[in-house]
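So the sequences go chain by chain: Y and U. Residues 1 to 263 (full-length UniProt numbering) make up the first sequence, in order. Residues 1 to 263 (full-length UniProt numbering) make up the second sequence, in order.
Among the hints, erroneous ones may be present.
Claimed, not checked - Here chain Y is said to cover these stretches of chain U; the calculated rule only asks that three of the stretch's residues, wherever they fall, bring their Cβ under 8 angstroms from a Cβ of chain Y:
#1 54 to 65
#2 108 to 114
#3 136 to 145
#4 151 to 160
#5 198 to 205
As the list claims (entries may be wrong) - Some chain Y residues close to chain U (C-beta under 8 angstroms, calculated; not the full set):
#6 Val-26
#7 His-144
#8 Gly-198
#9 Gln-212
#10 Arg-215
#11 Met-217
#12 Leu-218
#13 Arg-220
#14 Ala-222
#15 Ser-224
#16 Ala-237
#17 Ala-239
FYI, nobody ran anything at the bench for these hints, they're computed from the structure. All of these numbers come straight from a predicted model, not from anything done at the bench. By construction, the Cβ of each residue, glycine as well, lies at the ideal position given by its N, Cα and C atoms.
Protein chains: 2
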Amino acid sequence: MSDLTPPVIILDKSQMAENIGAVARVMANFGLTELRLVSPRDGWPQDRAWATASGADWVLEGVKVFDSVAEAVADLNTVFSTTARPRETRMPVRTPRESARILYDDTASGLRTGILFGGERAGLETTDIALTAGITTIPIDPKHHSLNLAQAVAINAYEWRTLILDAPPPRFRESDPPASNELLVGMYEHLETELEAGGFFYPPEKKRSMSQNLRVMLGRSAFSEQEVATFRGVIHALAKGRGRLLAKMAAAKKADEQADDGA
Amino acid sequence: MSDLTPPVIILDKSQMAENIGAVARVMANFGLTELRLVSPRDGWPQDRAWATASGADWVLEGVKVFDSVAEAVADLNTVFSTTARPRETRMPVRTPRESARILYDDTASGLRTGILFGGERAGLETTDIALTAGITTIPIDPKHHSLNLAQAVAINAYEWRTLILDAPPPRFRESDPPASNELLVGMYEHLETELEAGGFFYPPEKKRSMSQNLRVMLGRSAFSEQEVATFRGVIHALAKGRGRLLAKMAAAKKADEQADDGA
């Protein structure tokens, strides 16, 4: 994972302090730290922001407030404007994924980057969009395009984080590697022996293909050593009654015969 | 753009009706329509959900309520559990992007899919995760991993929509699709009944965790309908001798007793 400086989030004329707090929360979720506000409607700071930030206080405490978008992005090299729908401007329009890639490349090249969001109701003004390197549009269903501000930040922040995370998620816990083939085959043979005794392989000439199918379907689970032991316990528990009862019946039969002999 | 049926969103034990409304809103943003609730804390419907849905009323009006995760996913073939961090279970762990790709391919293959989310505080229980095809983990910064429920839904819904807007050629499943959860649970219950009879669950207070481990280890195989039938045949073949012999012994005992009576 990289230690690149994440993009700055800039909120233009945000109205609800609750939304600013929710934005801080998702920024923290995805490792973003720097939040700038342009002319927040109710001024700054606002207690209600802390109430919805769910502990992402360091983001709120670092907030800087500006009077215009131009001032807020002055020190940044690459900024994208986020809009719900493409606007009238002849600006490049990109998906959050495409934009994140550019922000990543520029950051890695030593540039300072940011993502600009409009207010809840009015969105961004064209003059402000024009200060940026292009438009990022989240692929919203046109039937319901009112996306919550914090959600819009979340999608972009998520794309940034997905990009900088190199390590793919582990498929399985490292402490539980799959069992050796030897152990697996032992388990299969145990199962097949008991199934044979239970009359499962019928007709007998199908035993080979039936066993193979069982090995394939169980093999997909990639049992660990512990799980092989568990599954052998299952086979044993299911089949043992039969063995014990057979022994009992044999003993009973023998006793009967001896009784008969004695009679 | 495709007209595939989007995944069902299932919320287990959600607490705040406001969050259910916010979930409905982001579902509508990204073209998802079907929402299922498992035991919502405050009952259903709740006016507060409509207040935060921002007009996504059709999602809320279509909500179905269930008593258990098992019932809520019974008709679905491929469901992923969303968790903040990988759990103790040995289930595959995927990113939202990887999971969306599988949901997309499975939907294109005619299967019904879903994404399961835990309650705001407690998250998902391992027994419920065990009913699903794996875990989806959003790449959250470990320093601040408290992700809002609607944000978690948004990230997954966004990945789905991004995928279907690109409309890559679906990779149709060449093999048989996974059985419905209903069939799987029936198979697990059959196995557990026979194991109970075989004295496998010892000590008895461990039955729950032992059953859960079995469901996890077998669940990873994603048995097809045919394979469920095969495995039920395996359980039957292993256990039936016991039943038959028990019947024989009972009959023999009865005959003995009658003989004794007659004497």
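Here is how each hint holds up against the structure:
1. 54 to 65: holds (count 3)
2. 108 to 114: That given contact is violated, which follows from only 0 residues of the segment 108 to 114 of chain U lying within Cβ reach (below 8 angstroms) of chain Y.
3. 136 to 145: With 8 residues close enough to chain Y, the hint holds.
4. 151 to 160: Holds, because 4 residues of the segment 151 to 160 of chain U bring their Cβ atoms closer than 8 angstroms to Cβ atoms of chain Y.
5. 198 to 205: holds (count 3)
6. Val-26: Result: holds, 6 angstroms to nearest chain U Cβ.
7. His-144: 4 angstroms, holds
8. Gly-198: Since the shortest Cβ distance to chain U is 4 angstroms, the answer is holds.
9. Gln-212: 12 angstroms, violated
10. Arg-215: 11 angstroms, violated
11. Met-217: 5 angstroms, holds
12. Leu-218: 6 angstroms, holds
13. Arg-220: Status holds, d = 4 angstroms.
14. Ala-222: With a closest approach of 7 angstroms, the Ala-222(Y) hint holds.
15. Ser-224: Since the shortest Cβ distance to chain U is 7 angstroms, the answer is holds.
16. Ala-237: Holds - the Cβ of Ala-237(Y) comes within 8 angstroms of chain U, reaching about 4 angstroms at its closest.
17. Ala-239: 5 angstroms, holds
In terms of the numbered hints stated before, the structure departs from hints 2, 9, 10, listed from lowest to highest.
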